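Student: The residues making up each chain are set out below.
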Amino acid sequence: NAGVTQTPKFQVLKTGQSMTLQCAQDMNHNSMYWYRQDPGMGLRLIYYSASEGTTDKGEVPNGYNVSRLNKREFSLRLESAAPSQTSVYFCASSDMDRGLLGNQPQHFGDGTRLSIL
Amino acid sequence: GDSVTQMEGPVTLSEEAFLTINCTYTATGYPSLFWYVQYPGEGLQLLLKATKADDKGSNKGFEATYRKETTSFHLEKGSVQVSDSAVYFCALSEGAGSYQLTFGKGTKLSVIP
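From first to last, the protein sequence lines are chains B and Y. Numbered continuously in this note's numbering, the first sequence closes out at residue 117. Numbered continuously in this note's numbering, the second sequence closes out at residue 113.
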């Protein structure tokens, strides 16, 4: 019962360094998402991928890039990390093939805690 | 745009007390509404959902009713347990096929024995 798996769980970077956060899901879901969670801000959508081969910007995409490598994997890249990107990052997936039944819930990973000094 | 407003936390209750966490929303269409729960050190888990007006979502003793007239989706539980201590998020998604969730800021609940 892996669900959504994120790696790494923790990371400390220096300003200007680059890094890729990895996410994989084993539920055969079409849609995948990257969020950041900051104190007092709830979760904000960075990017999402409605299906394999497509990606779209969310609410806070600046400073990030994404790759939907295949149906299972969706990575988030910080090209030049900044202290403002210190946050907890969550990956999620959902099954949009069942859209006729209403909006489907999203399944979340356990998060990556990223600190940028 | 869409928005979700939750009551400010933290909320501290004694075991077996009644819980209400208020949630109101602003949306242009007919959204689906969700409550997610986040236990310490973990990701969010779906707690319950409702997809149309007057629907009641329920799970693990928690309930919430979709009230279109008051644009609300308040979370309730009749008797909380220490294991319910977590952060609770209200969220909405606009219409069938929408890919985006709009979250409230979260309400931290602590239940003391």
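Read the hints as simulated data drawn from the structure, not as lab findings. Source: prediction; values computed, not measured. Quick reminder that beta carbons are idealized off the backbone N, C-alpha and C, glycines included. Check before you lean on any hint, since a few could be wrong.
[Claimed, not checked] Residues of chain B placed beyond 12 Å of chain Y at every Cβ, according to the derived structure:
| no. | residue |
| --- | --- |
| 1 | GLN11 |
| 2 | LEU43 |
| 3 | ARG44 |
| 4 | SER75 |
[To be verified] Straight-line distance between alpha carbons at most 27 Å, and here's what the computed BS3-like set of lysine-lysine pairs gives:
| no. | chain 1 | residue 1 | chain 2 | residue 2 |
| --- | --- | --- | --- | --- |
| 5 | B | LYS57 | B | LYS71 |
| 6 | Y | LYS68 | Y | LYS105 |
| 7 | Y | LYS56 | Y | LYS68 |
| 8 | B | LYS9 | Y | LYS105 |
| 9 | Y | LYS60 | Y | LYS108 |
| 10 | Y | LYS77 | B | LYS57 |
| 11 | B | LYS14 | B | LYS71 |
| 12 | Y | LYS60 | Y | LYS105 |
| 13 | B | LYS9 | Y | LYS108 |
Student: Each of the hints needs a verdict: does it hold here or not?
Tutor: Each hint, compared with the structure:
| no. | hint | result |
| --- | --- | --- |
| 1 | GLN11 | holds, 16 Å |
| 2 | LEU43 | violated, 5 Å |
| 3 | ARG44 | violated, 8 Å |
| 4 | SER75 | holds, 17 Å |
| 5 | LYS57/B <-> LYS71/B | holds, 18 Å |
| 6 | LYS68/Y <-> LYS105/Y | holds, 21 Å |
| 7 | LYS56/Y <-> LYS68/Y | holds, 12 Å |
| 8 | LYS9/B <-> LYS105/Y | holds, 23 Å |
| 9 | LYS60/Y <-> LYS108/Y | holds, 18 Å |
| 10 | LYS77/Y <-> LYS57/B | violated, 37 Å |
| 11 | LYS14/B <-> LYS71/B | violated, 32 Å |
| 12 | LYS60/Y <-> LYS105/Y | holds, 22 Å |
| 13 | LYS9/B <-> LYS108/Y | holds, 23 Å |
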